[in-house]
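2 protein chains.
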Amino acid sequence: MAAIAEATRTFADLTFEEKLDRMALVAVKVGLNLREGQELLITASLDHVAFVRRVVEQAYKAGASIVTVMYADDDATLSRYKYAPDASFDAVPKWLTEGIAEAYRSGAARMGITGANPSLLKDQDPTKVSRVNVAMSRASKPAMELVTRHTINWTIVAAATPAWAKLMFPNVPENEAVARQWDAIFHASRITGADPVQDWKDHGANIARRVAILNDKRFHSLHFRGPGTDLVVGLADDHLWAGGGGVCGNGIFCNANIPTEECFTTPHKDRVNGTVTASKPLSHQGTLIENISVRFENGKIVEANATAGEEALRKLIKVDEGASHLGEVALVPHGSPIAQSGLLYWNTLFDENAASHIALGQAYATCIKDGETLDEETLNAKGANTSLIHVDWMIGSGEMNVDGVHADGTEEPLMRSGEWV
Amino acid sequence: MAAIAEATRTFADLTFEEKLDRMALVAVKVGLNLREGQELLITASLDHVAFVRRVVEQAYKAGASIVTVMYADDDATLSRYKYAPDASFDAVPKWLTEGIAEAYRSGAARMGITGANPSLLKDQDPTKVSRVNVAMSRASKPAMELVTRHTINWTIVAAATPAWAKLMFPNVPENEAVARQWDAIFHASRITGADPVQDWKDHGANIARRVAILNDKRFHSLHFRGPGTDLVVGLADDHLWAGGGGVCGNGIFCNANIPTEECFTTPHKDRVNGTVTASKPLSHQGTLIENISVRFENGKIVEANATAGEEALRKLIKVDEGASHLGEVALVPHGSPIAQSGLLYWNTLFDENAASHIALGQAYATCIKDGETLDEETLNAKGANTSLIHVDWMIGSGEMNVDGVHADGTEEPLMRSGEWV
Ligand SMILES: [Zn+2]
Ligand SMILES: [Zn+2]
Ligand SMILES: [Zn+2]
Ligand SMILES: [Zn+2]
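Chains as they are written, first to last, in our numbering: chain A, 1 to 421; chain B, 1 to 421.
Excised from the complex, chain A in its bound form:
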């Protein structure tokens, strides 16, 4: 008698519908970890309908009580910019922003599906764009605080759209670009293994172990060395490393970003010295800034060059005093699926997980011990930066070495050729 071997279907064997379904399952089970009986609010683009339907089904299968989807429509947004009266650009649907905060307060989980056209507003009046953003952020503050403070379980996942795919794959027909983009999303989101839910548990445990080690070390600085880079980034007093999923205020463990690869913390705004060269172009508000190279002295950028978009870079670091200082430093191994793809995603959710990076501007209070209870002055005194901007740019690569520097000056290797030692 011979044992009957069950044929195992690999990810490549799945139909596209089955792949979408698996992505939806991971979004609901891993991203949200949706609790039975929990309500769910989804924001998505009209280009995401097919994927949203898979998510809704998975959410109800997981026991959702009610799933509500709010669709944004690029066409409607452009109509507003073209035809609405001037006062429209300071107006917000307060009943909706307040309603969403109330949804979270009454127990709803939140899924944001990203992937709308990244350059939708490139030809619109920047003053109007910024008025809309300011009005919306102000009105959305009560809801956003429940999200950024992780009071509720939430997640952001990506879904392909024609406009975004054409940016990523400009030289192929639209349907092929969309298909390739989905493939890139599937791989980056770590759903291609035999058991993606377990894979995410393992991945999260790896990140958590790294975070624990880094927090134990209490490094004084990090020392980055690579092509065009010799940079010492001081770490803020009482800095905390973070990364991966976490337990929310409602007691649910969620993964707020799919994918996520980084371990990140707060640098000391006045203790950064040396030269750093970006390893990837930076897409900022529709402009591509290429081959950035800057020099820091005592935390401040004193020299900034780029082979393209140099004007935009120089404008950016002059937005306010904090814009020329660092607010984040993050370590990402070069072996991560996003780095290995070699693709530029034009979307922070992916690109900031493609390589070790630094961010100009605002620091995360959550990356300082008890930071959420401290006022701005106290945070600043510990080295945490303040700014209106927070712009990540990639400095890591397969040629980057990183050392942890102790207060006594001794160095300890952290990464060699882009990988954890």
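It is worth saying that the hints were derived from the structure and are not from the lab.
Treat the hints with caution; some may be incorrect.
With a straight-line Cα cutoff of 16 Å, these simulated EDC-like cross-link-like pairs (lysine to aspartate or glutamate) come out [claimed, not checked]:
| hint | chain 1 | residue 1 | chain 2 | residue 2 |
| --- | --- | --- | --- | --- |
| 1 | B | K300 | B | D270 |
| 2 | B | K280 | B | D392 |
| 3 | A | K217 | A | D408 |
| 4 | B | K382 | B | D270 |
| 5 | A | K141 | A | E98 |
| 6 | B | K141 | B | D86 |
| 7 | B | K61 | A | D86 |
| 8 | A | K61 | B | D86 |
| 9 | B | K94 | A | E102 |
| 10 | B | K128 | B | D90 |
| 11 | B | K94 | A | E98 |
| 12 | A | K61 | B | D75 |
| 13 | A | K19 | A | D195 |
| 14 | A | K94 | B | D183 |
| 15 | B | K19 | B | D183 |
| 16 | B | K166 | B | D183 |
| 17 | A | K217 | A | E412 |
| 18 | A | K61 | A | D21 |
| 19 | B | K61 | A | D75 |
| 20 | A | K94 | B | D86 |
| 21 | B | K201 | B | D183 |
| 22 | B | K217 | B | D237 |
| 23 | A | K122 | A | D74 |
Covered stretches of chain B, as calculated for chain A (at least 3 residues, CB under 8 Å) [to be verified]:
| hint | region |
| --- | --- |
| 24 | 27-39 |
| 25 | 45-56 |
| 26 | 76-84 |
| 27 | 93-105 |
| 28 | 117-128 |
If we take Cβ atoms under 10 Å as the criterion, some of the chain A residues that face chain B in the derived model are [to be verified]:
| hint | residue |
| --- | --- |
| 29 | A64 |
| 30 | I66 |
| 31 | K82 |
| 32 | S106 |
| 33 | G249 |
We put the beta carbon where it would ideally sit given N, CA and C, even for glycine.
Go by the hints and put chain B with the ligands onto chain A.
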């Protein structure tokens, strides 16, 4: 010198896009009469995206401050019925129903776009369907009251969908069915003239003149005579005729239904006598009831027959005591565009405007003088009916004669061969 005659393009000359755009213009200008700076909330189906985009553009052109669209998705609704836990069917997104009420209170106008699949839920557990309906109506009551009492300007318009079109035109391919349905909607909605906004003003003035005449007459009853029909419908004490547009609580004149053709009032629930034969099939909760013929004695149906769906008819009139009495009587001329189309629309917005009709069940308090301030007992004493149901069915045709009967028994011709005399 010869005058240059400007070529006039008729409706038939317009592209489909231009026709949609005109429909959207009429919805915004005639239906809502949207005020500059007013916010707008639209509910629609995902099948309506192309039309919604035209409406959003017209709304911003008319000065809307912000337009928010809430899309319903048939696929998501079916997922809920298939997979959601039992408790879901009594749950509602209260943050949303309360948010919508708040939108109306803070000045938003409302547009409902109808045309979703009329038989979407035909295979679902009727108990679950009714639990969802009860929970939603209860939670939506504060918002709905602002609508039904005309506190705000609102309108319902129709847009074609494949599922609905296949019901109306079952024997042609889907795309042809949708094209024909759009054509039927355009004609019924009176947007095919050279100046549809003016046409609607004229149409509204005609209905208002009829309503004024009927209210002046203070008829005691109406006497319907036609093939299979000899019916005297007593009118309630202090009955009021209504029809067409009106001024809302916010001071804006709006047309709440596009199309609208009827002049309607409240019959006396105990003074209906004789026999009436329906002129069109009645589609009720998925069942088609054909060739209805009933006999009334002192307001109550004492005999009810149909060649198809007779069981459903008999069940319907036994829902409660009021279900076998009349709650509405409406006059619609046979020359109205909907009647002339000869089509069954499977949608009350159209079908109740296709022919003179009566409705079993609940009466409108607004069709009794000061009715909104009176309690149920007082309304009943005037002859206004009470019931859980309100089901309209068509009795008018090109062969129907209607007389107004005065208290002294003298009769006065109102309609001959279906037309106003
Ligand atoms: Zn980061
Ligand atoms: Zn960042
Ligand atoms: Zn009616
Ligand atoms: Zn009715």
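Verification of the supplied hints:
A hinted pair counts as satisfied when its Cα atoms are at most 16 Å apart, and B:K300 with B:D270 qualifies at roughly 7 Å. Simply put, B:K280 and B:D392 have alpha-carbon atoms about 11 Å apart, close enough for the 16 Å limit, and the pair holds. Using a Cα cut-off of 16 Å, the hinted pair A:K217 and A:D408 holds, with the two alpha carbons roughly 13 Å apart. At roughly 10 Å between alpha-carbon atoms, B:K382 and B:D270 fall within 16 Å of each other, so this suggested pair holds.
Of the pairs offered as hints, the one joining A:K141 and A:E98 holds, with about 9 Å between alpha carbons and a cut-off of 16 Å not exceeded. Distance restraint check for B:K141 and B:D86: the Cα-Cα separation of roughly 23 Å exceeds the 16 Å cut-off, and the hinted pair is therefore not satisfied. Distance restraint check for B:K61 and A:D86: the Cα-Cα separation of roughly 12 Å lies within the 16 Å cut-off, and the hinted pair is therefore satisfied. The suggested pairing of A:K61 with B:D86 holds, with an alpha-carbon distance near 12 Å, which does not exceed 16 Å.
For a cut-off of 16 Å, the pair hint linking B:K94 to A:E102 stands: about 9 Å separates their Cα positions. A C-alpha spacing of about 8 Å is found between B:K128 and B:D90, which places the hinted pair at or below 16 Å, so the restraint holds. Between B:K94 and A:E98 the CA atoms are separated by roughly 12 Å; this keeps the pair inside 16 Å, and the hint holds. For the given pair, A:K61 sits about 14 Å from B:D75 by alpha-carbon distance, which is consistent with the 16 Å threshold.
With a C-alpha separation of about 13 Å, the suggested pair A:K19 and A:D195 falls inside the 16 Å cut-off, and the hint holds. Using a Cα cut-off of 16 Å, the hinted pair A:K94 and B:D183 is violated, with the two alpha carbons roughly 38 Å apart. Restraint check: the Cα-Cα separation between B:K19 and B:D183 comes to about 9 Å, which is no more than 16 Å; the hinted pair holds. Distance restraint check for B:K166 and B:D183: the Cα-Cα separation of roughly 14 Å lies within the 16 Å cut-off, and the hinted pair is therefore satisfied.
Distance restraint check for A:K217 and A:E412: the Cα-Cα separation of roughly 10 Å lies within the 16 Å cut-off, and the hinted pair is therefore satisfied. Straight-line distance between C-alpha atoms of A:K61 and A:D21 comes to about 12 Å, which keeps the hinted pair within the 16 Å bound. Restraint check for B:K61 and A:D75: satisfied, since their Cα atoms lie roughly 14 Å apart, inside the 16 Å limit. For the hint linking A:K94 to B:D86, the alpha-carbon distance of about 33 Å lies beyond 16 Å, and the restraint is violated.
Restraint check for B:K201 and B:D183: the C-alpha separation of about 22 Å exceeds 16 Å, so the hint is violated. With a C-alpha separation of about 13 Å, the suggested pair B:K217 and B:D237 falls inside the 16 Å cut-off, and the hint holds. Proposed proximity of A:K122 and A:D74 is supported: the alpha carbons are some 13 Å apart, at most 16 Å. Only when three residues or more bring their CB closer than 8 Å to a CB of chain A does the claim for the region 27-39 of chain B stand; here the count is 3, and the claim holds.
Given a C-beta distance limit of less than 8 Å, the hint that chain A covers the region 45-56 of chain B holds, as 5 residues qualify and 3 suffice. Three residues within the 8 Å Cβ limit are the bar, and the region 76-84 of chain B against chain A gives 6, so the coverage statement holds. Coverage of the region 93-105 of chain B by chain A holds in this model, with 9 residues showing a Cβ closer than 8 Å to a Cβ of that chain against a need of three. Under a criterion of three residues with beta carbons nearer than 8 Å to beta carbons of chain A, the stated coverage of the region 117-128 of chain B fails, only 0 such residues being counted.
At about 7 Å, the closest approach between the beta carbon of A:A64 and any beta carbon in chain B falls short of 10 Å, and the interface hint on this residue holds. The beta carbon of A:I66 is positioned within 10 Å of a beta carbon in chain B (closest approach about 5 Å), and the interface hint is therefore held. Because the beta carbon of A:K82 sits about 7 Å from the nearest beta carbon in chain B, less than 10 Å, this interface hint is met. The closest approach between the C-beta of A:S106 and any C-beta of chain B is roughly 6 Å, which is under the 10 Å cut-off, so the hint is satisfied.
At its closest, the beta carbon of A:G249 sits 18 Å from a beta carbon of chain B; the interface hint therefore is violated under the 10 Å criterion.
In this structure, the hints that do not hold are numbers 6, 14, 20, 21, 28 and 33, in rising order.
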